Amino acid sequence: MDNTAVILARLQFGITLTYHFWFVALTLGLSVLVAVMETLYVFKNKAVYREMAKFWGSLFLVNYVVGVVSGIVQEFQFGMNWSEYSRFVGGVLGVPLAFEALTAFCVEATFIGIWVYGRNVVPRSIHLLSIWLVALASNYSAYWILAANAFMQQPVGYRLEEGYLALVQIKSILLNPYLFYQYIHTVMASFASSGLFVMAVSAFYLLSQQHHKLAVKSFKLGLICAWMAGILTFASGHLYTQYLVKAQPMKVAAMEALWESAESAPFIVVALIDEEQQRNKAEISLTGMLSVLAANHSQARIAGMKEVQEQFAALHGAGNYIPPVLLLFWSFRFKVAVGLLIILVTSLSLWYFKKHQLQVQRLLLYGVIWTLPLVYLSHLAGWLISEVGRQPWLVYGLQLTEQGISRNVPVSHLWITLISFNGIYAIMAGAAIFFMRRRILIGPEQPGD
Amino acid sequence: MDANILCFGLFGILLTGYLLLEGFDYGIGMLQTICAKTELERQVFLNTFAPMREGYEVWLVTAGAVLFAGFPIIYAALFSGLYLALFLLLAALILRSLAVEFRQHEKSQSWRTLCNWGVFFGSMLPAFLWGLILAGFLKGYPINADFEYSGSVFEAFSIYTVVAGTLFTLLFMLHGAGYLLLRVDTSLGERIKQYALRLYPFGIGCHIIFILLTVMQTQAGQNMPAAGILALTVFILGGGRYFLQQDRYWLGFLATTLTLLGSVSAIFISLFPVVVVSSLHPEYSLDIYRAASGPVTLQIISRAMLVVIPLLVAGQIWKAALFWRRLSVAGLELQNENHQFKQRIKLAQALEDCLDKTSKALRSRDSQIINKLSAKTRQVLWGKQDQSQQTDEQALADKRRNKEEN
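Each protein sequence line maps, in turn, to chains A and B. So the first sequence is numbered by my numbering: it starts at 1 and just counts up by one. So the second sequence is numbered by my numbering: it starts at 1 and just counts up by one.
Because the hints were derived from the structure by calculation, they are not lab data. Take the hints with a grain of salt, since some may be wrong.
Calculated cross-link-like contacts (lysine-lysine; reagent style BS3-like; alpha-carbon spacing at most 30 Å) [stated by the list, open to error]:
#1 A:Lys44 - A:Lys306
#2 A:Lys220 - B:Lys372
#3 B:Lys360 - B:Lys346
#4 B:Lys376 - A:Lys213
#5 A:Lys217 - B:Lys37
#6 A:Lys355 - A:Lys220
#7 A:Lys171 - A:Lys54
#8 A:Lys217 - B:Lys376
#9 A:Lys44 - A:Lys220
#10 A:Lys213 - A:Lys306
#11 A:Lys354 - A:Lys217
#12 B:Lys346 - A:Lys54
#13 B:Lys376 - B:Lys360
#14 B:Lys372 - A:Lys46
#15 B:Lys372 - A:Lys217
#16 A:Lys54 - B:Lys342
#17 B:Lys193 - A:Lys213
#18 B:Lys360 - A:Lys44
#19 A:Lys246 - A:Lys44
#20 A:Lys217 - A:Lys355
#21 A:Lys54 - B:Lys107
#22 A:Lys54 - A:Lys217
#23 B:Lys346 - A:Lys44
#24 B:Lys376 - A:Lys46
#25 A:Lys281 - A:Lys217
#26 A:Lys46 - B:Lys346
#27 B:Lys342 - A:Lys213
#28 B:Lys372 - B:Lys357
#29 B:Lys360 - A:Lys246
#30 A:Lys46 - A:Lys355
Owing to the predicted nature of the structure, the values given are computational and were not obtained by experimental measurement.
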């Protein structure tokens, strides 16, 4: 079987997913923050809150447009590049997607228009209600989308019928334990990055001594959000990984570069990984630490990649069931490092904020700004672990990735769309960043519309 | 009722809803480049749908998701088969969204022009492609025994489908014109009406050719009820032109709505229960039973749709009513002026503040400020002194004297 088509299709899906998520992450958190600002404005009736809501709202909107558009690409891609997969899982996986469109996107798209254009048309209460509905609906829609992803990670509530999957119970898809961990982790990470986004822009204002009042108030709001969400992301990530030890032992073993099964498994801090020889050439490790982290007990047995490989081979036939170890290992380390950095930066900010010394801590403010791009990269790392870690499975235990692609799409067409979509994404991101940057430079005092 | 029929019917409602709503959107998007003369007029055109745009897209996204869930085999076959056509559709939709949303962010003429053309092509391509794709359902796609699209995407292009694409483009433009006439004031409306009247014969002509080709070239054309509906839509479209001439815009809009509704439903009715004809062998055609998911899936999403679609319709009617007003260039100008006026008031307030502070400084004999002010300003603020040749020192001396006198 020719591999090019699979690689191209995967690349396209991965890029679209990451791209989409980068914008979605900000949508999820910022929508809630803007809603809070609007609420403060309505109840406290201070001009600064109105200004805040308008300013952050305008940034939110630029971001929102790109998020929605790339989401449509995402939906179409299942059928375009992954038609075999769509036929196979459509009856099950389509249901959460259909529900997302019917119950969440519906509300979101109806009320975003009212919020944007209705400031002087509808009463204040309905205007406030509309941004809250947008915020809630977008976070609610994430649940359905992640339900679809969780199904791919851990299929539940299905039955195999004539070679296709058929739905047995929608309830089990929605109560998939995998979904529970994934949802909290993903949404909290989104909130952390949104909070940090608000903090970073406010930090820029504080550093350049502009718009002081708005910057301080926004910084505070972003800080509370990022601090709490940062800690929760880290905690939920820990529980998520513990769950993965049971649900997807291969993923955990790969991201910890654990080749051999071990009782009292070591936590490998850094390693030189040799994927060919299936060993680590050199490693710095803490004995027993992985067992403690993963199973709360220093003597707990953690399955290594070789053992899981044998199990899979016995169950599904010969083949390589080990995902790219190097990528997962370093992605995971990067992600954890960024997670710690977020907690450090936000905690320090909180400390100095309470002491009213924030503006003097120029280094910290620069730190906040430079953490932001790292957070975006850690989103990428997170999805790499989640999706590449599932390889070679497309639907865990049911369908291999190479079985899922469209057999009737020629490779040349894949090239055309891959290149064109990436061009479009680049232009789109360029435009979005350009307009956001300019809005930030103009500052909040300039009325938006 | 049969779960498959119910689910497919509801899917049909979603798709038709999308075509009807985005139909006039796309129409307006095309008309704004042709019909509007100034940027302000374009803005009026776009403002007629701007608050609603995202709401209309919901119909497409939902229809796509329902097709994926309910009829994955149709979804998989068509989406992978019509690969490049769908890619163009997506690219056009992206272009359109970006052009509409980012247009107002930059005032320079070249950016506006770029966005205007973005909106134009982003509207024309989907209109054309939808006609092409839907007509392909009748004409048949090369679906093989595995229910897969076998063959090149270019097989979707034929005289018949291109005529259908052109027809949809024209219908959407007429539909858009009909909607605009309801939403803009008479001065703009008159011009749109003239354009629409000139466009109507082409639309009707194209429609007649499309029907003739359908009857001659496709199996579905032999289906009497569908052919009847199609023939009826020609008369309705003719009626649309008549109503437009009579200035009965609501009826005109209703006519284009019914024409689109009739054409789309005729396509689905004529094939029922087949959805996509296979051009290779009738046995391979995709119908709503063979291509469907299991009964549980169909039931669940049908129920959800039965609840949501009425709510969606109600919500969008409410929203449309909220934003329903006749837009005009004058109104937009007024809005802009209002905006500028507010800016000026802000400036005036700032100035007042400065003056207030300066005159206070003057009163407290802050010579630093006095020296920096020009003689004219001093005069305005101080008022009493002889403006001709007084130096700063004299002004100060004056001031002191005045003070002492007081």
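Going down the list of hints, with the structure as the test:
For the proposed pair Lys44 (chain A) and Lys306 (chain A), the alpha carbon gap of about 61 Å is over 30 Å, so the pair is violated. The suggested pairing of Lys220 (chain A) with Lys372 (chain B) is violated, with an alpha-carbon distance near 41 Å, which exceeds 30 Å. Of the pairs offered as hints, the one joining Lys360 (chain B) and Lys346 (chain B) holds, with about 21 Å between alpha carbons and a cut-off of 30 Å not exceeded. A threshold of 30 Å between alpha carbons decides the hint, and for Lys376 (chain B) with Lys213 (chain A) the separation of about 36 Å lies outside it, so the pair is violated.
Only pairs whose Cα atoms come within 30 Å are accepted, and Lys217 (chain A) paired with Lys37 (chain B) is rejected, the gap being roughly 45 Å. In summary, the hint linking Lys355 (chain A) to Lys220 (chain A) is supported, as the alpha carbons are separated by about 13 Å, within the 30 Å threshold. For a cut-off of 30 Å, the pair hint linking Lys171 (chain A) to Lys54 (chain A) is broken: about 40 Å separates their Cα positions. Simply put, Lys217 (chain A) and Lys376 (chain B) have alpha-carbon atoms about 42 Å apart, too far for the 30 Å limit, and the pair is violated.
Between the alpha carbons of Lys44 (chain A) and Lys220 (chain A) the distance comes to roughly 17 Å, so the proposed pair stays at or under 30 Å and holds. Taking the CA atoms of Lys213 (chain A) and Lys306 (chain A), the gap is about 58 Å. The hint is violated against a cut of 30 Å. Our distance criterion of 30 Å between C-alpha atoms is met by Lys354 (chain A) and Lys217 (chain A), whose separation comes to about 13 Å. Proximity of Lys346 (chain B) to Lys54 (chain A) is assessed by CA-CA distance (about 18 Å); at most 30 Å being required, the pair is judged to hold.
Only pairs whose Cα atoms come within 30 Å are accepted, and Lys376 (chain B) paired with Lys360 (chain B) is accepted, the gap being roughly 17 Å. At most 30 Å may separate the alpha-carbon atoms for a hinted pair to count; Lys372 (chain B) and Lys46 (chain A) exceed this at roughly 37 Å. With a C-alpha separation of about 37 Å, the suggested pairing of Lys372 (chain B) with Lys217 (chain A) is violated against the 30 Å cut-off. A distance of roughly 17 Å separates the Cα atoms of Lys54 (chain A) and Lys342 (chain B); the hinted pair therefore holds under the 30 Å criterion.
Taken as a hint, the Lys193 (chain B) and Lys213 (chain A) pair is broken in the structure, with Cα atoms around 53 Å apart against an allowance of 30 Å. A hinted pair counts as satisfied when its Cα atoms are at most 30 Å apart, and Lys360 (chain B) with Lys44 (chain A) does not qualify at roughly 34 Å. Only pairs whose Cα atoms come within 30 Å are accepted, and Lys246 (chain A) paired with Lys44 (chain A) is rejected, the gap being roughly 49 Å. With a C-alpha separation of about 15 Å, the suggested pairing of Lys217 (chain A) with Lys355 (chain A) holds against the 30 Å cut-off.
This hinted pair checks out: Lys54 (chain A) and Lys107 (chain B) have alpha carbons roughly 20 Å apart, not beyond 30 Å. Using a Cα cut-off of 30 Å, the hinted pair Lys54 (chain A) and Lys217 (chain A) holds, with the two alpha carbons roughly 14 Å apart. Restraint check for Lys346 (chain B) and Lys44 (chain A): the C-alpha separation of about 23 Å stays at or below 30 Å, so the hint holds. About 39 Å separates the Cα atoms of Lys376 (chain B) and Lys46 (chain A), which puts this hinted pair outside 30 Å; it is violated.
A hinted pair counts as satisfied when its Cα atoms are at most 30 Å apart, and Lys281 (chain A) with Lys217 (chain A) does not qualify at roughly 51 Å. Distance hint between Lys46 (chain A) and Lys346 (chain B) is fulfilled; the C-alpha atoms sit about 18 Å from each other, no more than 30 Å. For the hint linking Lys342 (chain B) to Lys213 (chain A), the alpha-carbon distance of about 22 Å falls within 30 Å, and the restraint holds. A hinted pair counts as satisfied when its Cα atoms are at most 30 Å apart, and Lys372 (chain B) with Lys357 (chain B) qualifies at roughly 14 Å.
Between Lys360 (chain B) and Lys246 (chain A), the direct Cα distance comes to roughly 76 Å. Violation of the 30 Å bound is thereby established for this hinted pair. Our distance criterion of 30 Å between C-alpha atoms is met by Lys46 (chain A) and Lys355 (chain A), whose separation comes to about 25 Å.
Of the hints listed earlier, those the structure fails to meet are numbers 1, 2, 4, 5, 7, 8, 10, 14, 15, 17, 18, 19, 24, 25 and 29, in rising order.
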